[in-house]
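Colleague: Going line by line, the protein sequences match chains A and B.
Counted the way the numbering used here counts, the first sequence spans residues 1 to 110.
Counted the way the numbering used here counts, the second sequence spans residues 1 to 116.
Hints are computed from structural coordinates only; laboratory data are not their basis.
It is possible that some hints are incorrect.
Unchecked claim - Calculated lysine-lysine pairs in the DSS-like style (CA-CA distance at most 25 Å, straight line):
no.	chain 1	residue 1	chain 2	residue 2
1	A	K70	A	K56
2	A	K102	B	K71
3	B	K57	A	K102
4	A	K56	A	K102
5	B	K9	B	K71
6	A	K70	A	K57
On a predicted model such as this, the values are computed, not experimentally measured, just so you know.
The chain contents come next:
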Amino acid sequence: TQLLEQSPQFLSIQEGENLTVYCNSSSVFSSLQWYRQEPGEGPVLLVTVVTGGEVKKLKRLTFQFGDARKDSSLHITAAQPGDTGLYLCAGDEGYSTLTFGKGTMLLVSP
Amino acid sequence: NAGVTQTPKFQVLKTGQSMTLQCAQDMNHNSMYWYRQDPGMGLRLIYYSASEGTTDKGEVPNGYNVSRLNKREFSLRLESAAPSQTSVYFCASRRTASMLSGDTQYFGPGTRLTVL
């Protein structure tokens, strides 16, 4: 089983600040997904990156897949309280299951 | 189109009791999954079903059984609940990946289980 290391585990910032969350593995994934989970709910897909070096933007969120497809990052610009939640990365090995990181808990205060 | 539904939303059991968690999806997905989520541990796969009629163990299968009743439904059973099984349980289904889009799992709202 491939491992996905997420950092930081917890991040508490003020509204308007920028932040970056990292997802790293020693192995290669065919694709990588980012999910956000709000309290009391299940994870919801934000984006899937497939190609090495790929950059995808979703409003204030920028996702990047490493050239070697071993790592990914999520950058949030001008964070808002509505961005608060648990961010999970998940790697697809090309089989039937995904490998999830342990998550980054983000708290954005007004 | 309800997506993935789970019942019940909350449950309290005593040690040794049994129960079944129900999951259904209406997206015609072949693959379905059961995860548990504990603080600091992330999502851990309990069992999955890659297609109707097949089931396979995940990372933490001990103490659980599953049934893929049909393409829509995938249930998780605790035969003799233990306090270590106190957790939040999520069911998910998977849209078949393509080379361009990658894999997507759709999650239910979760079942919060406490075993006393």
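Colleague: Does the alpha-carbon distance linking K70/A and K57/A stay inside the 25 Å limit?
Modeller: Given pair K70/A, K57/A holds - Cα atoms ~19 Å apart, limit 25 Å.
Colleague: Holds or violated: K56/A with K102/A, Cα cutoff 25 Å?
Modeller: Given pair K56/A, K102/A holds - Cα atoms ~22 Å apart, limit 25 Å.
Colleague: Taken at face value, is the distance from the CA of K71/B to the CA of K9/B at most 25 Å?
Modeller: holds, 22 Å
Colleague: If you draw a straight line from the CA of K70/A to the CA of K56/A, is it 25 Å or shorter?
Modeller: With Cα atoms ~17 Å apart, K70/A and K56/A stay inside 25 Å; holds.
Colleague: Are the Cα positions of K102/A and K71/B separated by 25 Å at most?
Modeller: Between K102/A and K71/B the Cα gap is close to 30 Å, so the pair fails against 25 Å, i.e. violated.
Colleague: Within a Cα-Cα threshold of 25 Å, do K57/B and K102/A meet the stated pairing?
Modeller: holds, 20 Å
Taken one by one, the earlier hints fail for this structure only at number 2.
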